[in-house]
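Line by line, the protein sequences are chains A and B.
Heads up: the first sequence begins at 1 in my numbering, then just goes up one per residue.
Heads up: the second sequence begins at 1 in my numbering, then just goes up one per residue.
No wet-lab data here; the hints were simulated from the structure.
Glycine is no exception: its CB is placed at the ideal position from the N, C-alpha and C atoms.
Among these hints, one or two may not hold up.
Label pairs and their calculated CB-CB ranges [what the hints assert, rightly or not]:
#1 A:K48 <-> B:Y58: 32 to 40 angstroms
#2 B:N92 <-> A:G55: 13 to 21 angstroms
#3 A:S80 <-> B:T70: 28 to 36 angstroms
Just so you have them, the derived chain A footprint on chain B, three or more residues with Cβ under 8 angstroms [claimed, not checked]:
#4 94-101
#5 110-122
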Amino acid sequence: MAKQQTWELRLYIAGQTPKSVLALKNITRYCKEHLEGRYSIEIIDLLKNPQLAEGDQIFAIPTLVRKVPEPIRKIIGDLSNEERVLVGLNIRPLSSKIKG
Amino acid sequence: MKQQQTKLFPKTATGISGLDEITGGGFPKGRPILVCGSAGCGKTLLAMQFLVKGITEYNEPGVFMSFEETIKDLSQNVQSLGFNLEKLVADNRLRMDYVRIEKSEIEETGEYDLEGIFIRLNHAIDAIGAKRVVLDTIEALFSGIENAGLLRSEIRRLFQWLKDKGVTTIITGERGEGSLTRHGLEEYVSDCVILLDFRVIDQIATRRLRIVKYRGSTHGTNEYPFLIDENGISVLPITSLKLDHAVSAEIISTGIPSLDKLFKRNGFYKGGSTLVTGSAGTAKTTIAAYFALSSCKRKERVLYFSFEESPDQLLRNMLAVGINLKPYVKSKLLTIHSSRPSLQGLEMHLLVLHKLIDSYKPKTVIVDPISSLVTIGSNSEVRAMLVRLLDMLKINEINAMFTALTHQPINDYIDLSVDAVSSLADTWIKVRNEEQYENRMRSLLIVKSRGMSHSNNSWNFIITEKGIQLMPATAAKNMNENQNNK
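Construct all of the structure, not just a fragment, from the sequences and the given hints.
This is the structure:
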């Protein structure tokens, strides 16, 4: 059932830049709100592990990658636009549940 | 002079034959170079060759970052050129990274930068100690990223970063309308810009290269034809920038003893070029064959380019006038290469000449006749090609003889091929036929011979089964004066 769907997310950052910190803060908040108990976020700091950038085709920082559910989606930026992030991650906002 | 320039301005040899020559030693070391041109003009290939040659010839590892083609495709595409990318990668001499940006799976929200590309590049460069980098074609990012303003500033930052990193970088760019590149990359690359062009003129395709800009360095400003073949790109400088080839004082025989005597030192200078002009049936080929024979007799290799006769026909005809070249063909001292002038473009002809000369290493080269080539190119093109050919022959100290068919019995200068070569040739021999006393009289005149005094008279000659025999002109002194006045 759709409710059992889990989300595996990966956040690529490059050091603790303001954009990266903000992105992490944003995605944690959205997940807590919408995906409580059904998500995992892996944070990859490319300054420490630069070799990991190629595998997920990372070019922008920060980049959020939705590994599961498939297909892979990427959201680049500090994730400040909640609506776009939720749509991008295929997480229905609570309000849309009512609609349908 | 060259060394002095290198000191002032360090350069990185490109490993692309001819390009180092016109750039005075290569690309600016540690700086970005923009290579632009329309689709299919050879940008990627040039960049790849720069990397591969850097690795194989200059011990400079390289990183190739592709924004368009996958690594697999790239490897396959250059395999035909003998570049084995997989092996270079396995040896840790080359790193390849394909940056794929699939717009459909990307959402943009909020602020970001392109640090990911920096990190990938940095990682690849440091992993193998790369000195050369290629970004092919970074403009592809424009179709994948919405925020063009950010992209521009990031590209600018990237180029500066590469400069600080001290790597010599080729950035390729697709040609835009009215600008060198579609997204104006030339604004960010200020040091060196190379433009490639692919044109079809009279159904013959020609590739050309031009250095649009090279800050802080002298460079050739012409458009240089270049070729892509199984050895990659080679640029053919129209002329080398300098006229500084070594010359020999040694003398070689023309192959005709009585003709030798007309020159003060009994022959041509070794490594010189000779032009033989005349209308149809004036024994130009016979003179050329004698020259070939004399070289063979000295045990020196001869390469004979025949644009009108097949090898067999040439051998048979020459046998009729007492020149037996067959044994030398058998012993490989003489190679006759026949081809139709219209078979291919001038550049391709030149390339074939270059290659044969390169592999066969002859001491003497004969082109019979160069005037055939005129039929396939425009005046300036033919001239440029011949200058290049002569240049190459001189640098390699190869004796050259060109024959040229003229149609104007009075004023040879009107003829294109003659006009193109006569000023370049060291020696110019004119042969002609004349009707006198109801007979045909052959005559020969040395128009010029650089660095050597020579007979100023017109000499009659006959051709028998024993060959050419010269004799003093018996008649028509005024005819001589006519020619001398020219």
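Now for the hints, and whether the structure bears them out:
Under the hint 32 to 40 angstroms, the C-beta atoms of K48 (chain A) and Y58 (chain B), about 33 angstroms apart, fit the expected range. Range check, N92 (chain B) to G55 (chain A): Cβ separation about 19 angstroms, and the 13 to 21 angstroms hint holds. The hinted range of 28 to 36 angstroms is satisfied by S80 (chain A) and T70 (chain B), whose Cβ atoms lie roughly 34 angstroms apart. Coverage of the stretch 94-101 of chain B by chain A holds in this model, with 4 residues showing a Cβ closer than 8 angstroms to a Cβ of that chain against a need of three.
Evaluation of the coverage hint for the stretch 110-122 of chain B: fulfilled, as 11 residues show C-beta separations to chain A shorter than 8 angstroms, against a requirement of three.
Of the hints listed earlier, there is not a single one the structure fails to meet.
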